[in-house]
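Trainee: The primary structure of each chain is shown beneath.
Protein chains: 2
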Amino acid sequence: MEAMQRKLSLMGEQARAAARRFARISSSKKNEALQRMAQALEKRENEIVAANRIDLQAGELKGLSRALLDRLMLDSHRIHEMAEGLRAVAALPDPVGEVVRMWTRPNGLQIGKMRVPLGVIGIIYEARPNVTVDAAGLCLKTSNAIILRGGSEAINSNRTITAIISQAAHDAGMPEGCIQLVDTTDRLAVDVLLRMNQYIDVLIPRGGAELIQKVVLNATIPVIETGIGNCHVFVDEDAEMAVAERIILNAKTQRPAVCNAMETLLVHAGIARQFLPRMVQKLEEKQVEIRGCPITREIVPQVRLATENDWYEEYYDLILAVRVVKDLDQALEHIFQYGTKHSEAIVTRDYRRARRFLQEVDAAAVYVNASTRFTDGFQYGFGAEIGISTQKLHARGPMGLEELTTIKYVVYGDGQIRE
Amino acid sequence: MEAMQRKLSLMGEQARAAARRFARISSSKKNEALQRMAQALEKRENEIVAANRIDLQAGELKGLSRALLDRLMLDSHRIHEMAEGLRAVAALPDPVGEVVRMWTRPNGLQIGKMRVPLGVIGIIYEARPNVTVDAAGLCLKTSNAIILRGGSEAINSNRTITAIISQAAHDAGMPEGCIQLVDTTDRLAVDVLLRMNQYIDVLIPRGGAELIQKVVLNATIPVIETGIGNCHVFVDEDAEMAVAERIILNAKTQRPAVCNAMETLLVHAGIARQFLPRMVQKLEEKQVEIRGCPITREIVPQVRLATENDWYEEYYDLILAVRVVKDLDQALEHIFQYGTKHSEAIVTRDYRRARRFLQEVDAAAVYVNASTRFTDGFQYGFGAEIGISTQKLHARGPMGLEELTTIKYVVYGDGQIRE
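Those protein sequence lines, which keep their order, are chains A and B.
Residue numbering for the first sequence follows the working numbering, starting at 1 and increasing by one per position.
Residue numbering for the second sequence follows the working numbering, starting at 1 and increasing by one per position.
Think of the hints as simulated: they come from the structure by calculation, not from any bench.
Keep in mind that the hints are not guaranteed to be accurate.
To be verified - Partner residues aside, some chain B positions facing chain A, computed with beta carbon under 7 angstroms:
1) A209
2) I228
3) N250
4) L305
5) R352
6) Y412
7) R418
Where is the CB? At the ideal position from N, CA and C, for every residue including glycine.
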């Protein structure tokens with residue numbers, strides 16, 4: 001434990017020193033570094049593929065699933081995509097230094113609220129090695145030092161990638177230690193990281209529910225929670241049925257294994273008899289398994305009966321819970337009770353109910369007549385995404401570059417003192 | 001433990017339900033409630049004074065210091081001030097519902113970023129019973145439910161005050177349970193509160209360093225850290241000496257026991273011999289004890305020698321550490337090493353060094369030619385203050401009403417789906 005603490009403290013100190021040196025580095029220098037990192041990845045593709053092969057072989061021996069092995073795999077195309085990601089980040093505007101508001105007090109003090117880096121960001125993530133490049137690029141763009149802790153399955157890939165990009169960044173004049181990887185698969189490292197308040201300003205866990213819970217419950221450093229979603233679509237009494245159908249198919253089947261996919265469909269009792277038979281048929285054509293409330297089963301008897309558990313479930317799969325509700329209030333009540341405050345949608349033509357839904361649902365993103373699948377940094381036009389925050393502090397919903405900054409007040413005086 | 005958990009869970013459920021009902025309550029209704037709460041405090045002054053007397057007597061028996069007893073004491077004038085505080089909050093603009101940005105995507109989706117309440121806020125605080133009214137008013141104004149946990153010394157005062165204001169709020173149509181006090185002095189209650197993730201969105205500890213550390217290290221709920229400050233003033237080589245003198249006297253002596261008071265003075269070597277003798281004399285006239293570095297003692301030999309510890313110390317008292325530094329870089333290095341990122345000031349006439357100081361110092365507030373004492377919600381023109389955040393996540397520096405809100409994305413579509 002102590003040896004690990006010493007080792008990580010050293011990394012922390014280097015990261016803190018790097019974060020400090022960022023204050024004197026211009027945007028154009030940072031963009032140049034991002035370009036050099038992209039180039040280096042492509043140029044040293046063979047090294048990455050070789051390291052990745054070791055991880056893949058170890059993964060096969062360990063019996064990782066096909067899906068996990070696929071996520072882990074890097075080839076020429078995927079390496080090119082990672083490089084293109086860095087180039088896209090280079091092209092975005094730099095939020096650091098933006099003065100979002102400036103005002104003058106009666107005593108003449110001029111006060112500005114300026115965006116500045118968070119400092120040192122710790123990212124704890126699982127299988128996919130592209131997160132290494134992605135997170136490093138976004139943090140460098142926002143002048144944050146980063147400490148990466150990837151999954152043990154990808155350790156060789158991550159080690160090689162980090163060596164390549166941190167070397168390229170350093171060659172381009174970035175501070176030494178601004179991109180570091182915790183180069184061990186020892187689980188102790190995570191326990192130590194979670195309590196390094198002296199060195200790390202924010203922790204962002206990216207991965208499954210178990211990882212996120214572990215970080216939230218054990219970290220003493222501020223955490224940005226990401227990625228859990230039990231999302232609902234409510235079809236109102238006078239919804240346009242074709243619109244509802246399209247949105248539901250999209251929200252459930254376009255990519256079911258993500259946090260902004262729909263998990264429960266709520267249907268107004270006044271439209272259920274007309275709407276459900278055809279909707280269920282369309283869903284079943286797409287291999288969606290339906291679990292319905294008793295009223296749903298009266299209308300479409302072939303579906304399985306939903307249990308209380310189904311309302312809580314985030315399937316991340318082609319399964320959908322369906323409940324008939326008597327009105328908007330019951331829909332709101334259901335969302336309040338079972339929702340995870342991620343993304344919620346209403347399909348309606350009624351102005352007043354649309355307004356009420358937007359007003360009364362407490363979630364990161366609330367939609368009228370659109371798919372919940374839009375909750376995403378790229379879809380919102382941020383040009384980047386470090387994750388989707390499901391907490392209320394600091395950042396909520398898709399997090400882009402701005403969410404990797406904090407503010408400081410810069411105050412210009414002429415000798416003012418407080419009376 | 002279990003009984004306490006049940007009791008607090010019940011409070012949490014009520015708070016969550018109240019937070020939800022706030023979504024349908026207008027600003028004007030909330031302002032009316034704040035007025036009614038103010039009236040009720042003044043009308044029922046005698047009850048408050050009587051309850052406060054019990055606390056004061058118990059405090060005397062326990063041997064509380066004069067200063068603590070004074071903080072605890074409520075009289076007609078202080079009750080009137082609390083009521084006026086509520087009226088001032090009523091008069092401020094309501095940040096809830098403000099759409100800070102709205103844009104339209106190429107696919108026609110209209111996306112708005114709207115300020116919404118945080119939900120349920122837990123405040124853990126010490127002696128002063130005025131915090132009860134203050135925090136309850138700010139949370140009500142921002143449609144947040146509040147769970148208050150005050151110090152055991154003020155339990156009777158807090159109980160009476162909470163009964164009065166929550167009754168008045170309820171009479172004015174506010175949701176039941178929107179203002180609740182943890183009505184026990186059992187320390188177990190705090191341990192339970194710190195882990196009530198299911199019910200509480202944010203915890204704000206207000207009080208001494210020990211309380212804040214306890215909350216930061218043990219809470220699983222997001223915390224906003226407040227109030228620790230080791231602030232510096234750096235007098236540059238070509239500072240105007242009269243300006244430096246005025247700022248230093250103000251930053252050190254106007255109110256030494258607060259977090260934005262100066263603790264260490266840094267003086268450029270090029271001006272130290274001219275500047276320090278007179279400055280030290282002026283400070284000593286104000287009863288300030290000086291602890292100087294060796295060079296300082298060469299110039300003003302009567303002062304005590306500072307130890308390494310003094311650079312870390314937050315005295316909150318009429319004591320000042322003084323160090324002569326060879327240039328701006330050494331001043332920046334000192335602030336980086338010993339500072340707590342609260343408030344830092346430079347006194348200079350040099351344009352370039354002013355800009356470098358603003359750019360390179362990482363703190364909630366950075367000043368050129370002004371006193372660090374300005375770091376305050378009222379001084380910044382926010383009209384209110386719930387504390388001064390010394391962390392980087394969510395809020396940094398003085399927190400007004402806006403900092404008691406989060407955002408949600410409201411998205412208007414016409415049937416858009418993700419391709």
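Trainee: Of the hints stated earlier, which fail here?
Mentor: Those not satisfied are hints 1, 2, 4, 5.
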